[in-house]
Each structure stands twice: as C-alpha cells, then as structure tokens.
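Respectively, the protein sequence lines represent chains A and B. Just so we're aligned: the first sequence equals residues 19 to 130 in the numbering used here. Just so we're aligned: the second sequence equals residues 2 to 118 in the numbering used here.
Hints are computed from structural coordinates only; laboratory data are not their basis. Do not take every clue at face value.
Selected chain B positions facing chain A (Cβ under 7 Å, derived; list incomplete) [said to hold, decoys possible]: (1) G43; (2) T106; (3) P111.
Only some residues are given here: those of chain A computed to face chain B with a beta carbon under 7 Å [to be verified]: (4) G33; (5) G121; (6) Q122.
Even for Gly, the Cβ is constructed at its ideal location relative to N, Cα and C.
Below are the chains, spelled out letter by letter.
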Amino acid sequence: LAKTTQPISMDSYEGQEVNITCSHNNIATNDYITWYQQFPSQGPRFIIQGYKTKVTNEVASLFIPADRKSSTLSLPRVSLSDTAVYYCLVGARDNQGGKLIFGQGTELSVKP
Amino acid sequence: DTGVSQDPRHKITKRGQNVTFRCDPISEHNRLYWYRQTLGQGPEFLTYFQNEAQLEKSRLLSDRFSAERPKGSFSTLEIQRTEQGDSAMYLCASSSWTSGRALDTQYFGPGTRLTVL
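Chain A on its own, in the form it takes in the complex (with noise of 0.2 Å):
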C-alpha cells in the first residue's frame, strides 16, 4: 500500500476552516484515498473517501488533484470537538487483503 505523508499537527480556532494535506506520491491506479478521525480513547472514525477530483459529505470535503499525488480534507468552520488525530490512507479499491495502513497521523487542535 502506497505510502502517506502527512504534518504531524495542526493549530487552528473555532469558526476556522482547517486544510489538512497529504502527500502520497507512490499512490496506485487502483487506490482509493480515504480520511479516519481518532478521538483520545476511541477507534478511528471513517470520514470520507475518494478517488479523484472533488467529494463532499455531512462532514468534510476532499480535494483531489489529477494526478493524484495528493490529496487535502477540508474541515469546514471547526469547532472544540473537531480536536482529533486525523488519518490519510490509501489503498486499492477491491484490496483482498481489506486492511488499513495507517501512518502516525495529524493531530488537529481546535482552540477556542
């Protein structure tokens, strides 16, 4: 599985809209991109998923350019509990193996 980079933290403020990038220069044809969210004491949290171009949901959007080398969650007007571990993964769409490699992660804190 392709291999991600990604700032080990972040500071931001309430009201704020937090870009979080990875780097993942290695990343396959068949891979997909995919956001996890840790709180302290808790399993990670599925947040969003994509391939290329642009996706967005309830929580986050994900900016995907064509070539794929990278990618950046959008975290529109954090608040306090938006403080979290988030995670960049990356792996093939019909990977039979299914399990998720995760790198150390960046660890977003929102202040008020």
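Using the hints provided, position chain B relative to the given structure of chain A.
For chain B alone, kept in the frame of chain A given last:
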C-alpha cells in the same frame, strides 16, 4: 447500540499472565479486523477474518497471539505469557465486504486498553 463492541475496555495484568479480549462486530458484517495501537502511533494491522476464516496475519502477531472467530460472528484475541511490550490499545473493526465494491468502510470499536505490569 449496534456498533462494534469490545470487552473489557481496560485490562491490567502481570507479566507472564494470559489475557483474552472479545470483539462483537456489527451484525452481519462478514469481515472482522484486529489492530494494535501504541501511544502516539496509528493503529497497526494484526489479523483479519472473513466469516470464520482467518485470511491474513501480520508478522507482528507472534506465536503468543491467537485469534479466533469460531462462528463467523464475535471474535477473541488471546495473548499468552504477556510481556510489557504488549501494553497497547487493541482495536477491533468490522466491515461488510463485497468483491468489486469501491467502499469497504471499517467500523471500529472503542478498543481494549491493555497494561502489562
């Protein structure tokens, strides 16, 4: 609550003891995964089942570790002769996997935090 549940949530044991954790996946999810997470790191894959078959085991899973999913529903993870290095959060996840489908979202439980003294 129909999410993934894990029991116990916390376990403190002495080095050399055996421990067993249980995971109850979301009903009718055919895949069940075990991960281990240490402080400051992302979860690491240990093993997974499709129904009752254990299809892959990580090299992290030493001979002291064994996992079962006897009826394709709940799963247990046993660690024999625990070592201090086994202290971690053990996470279980489940998914409804279908060949060819783009999205195989894994739903995680709250984890079992193991402390080996």
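Verification of the supplied hints:
The beta carbon of G43 of chain B comes within 3 Å of a beta carbon in chain A, closer than 7 Å, and the hint placing it at the interface holds. Contact between T106 of chain B and chain A, as hinted, is supported at the beta carbon level, the nearest pair being about 5 Å apart and thus within 7 Å. With a least beta-carbon distance of about 6 Å to chain A, the hint placing P111 of chain B at the interface is held under the 7 Å criterion. Among the interface hints, the one on G33 of chain A is violated; its C-beta lies about 28 Å from the nearest C-beta in chain B, farther than the 7 Å criterion.
At about 6 Å, the closest approach between the beta carbon of G121 of chain A and any beta carbon in chain B falls short of 7 Å, and the interface hint on this residue holds. Taking 7 Å as the C-beta cut-off, the interface hint given for Q122 of chain A holds, the closest approach to chain B being about 6 Å.
Hint 4 from the list above is the single one not met by this structure.
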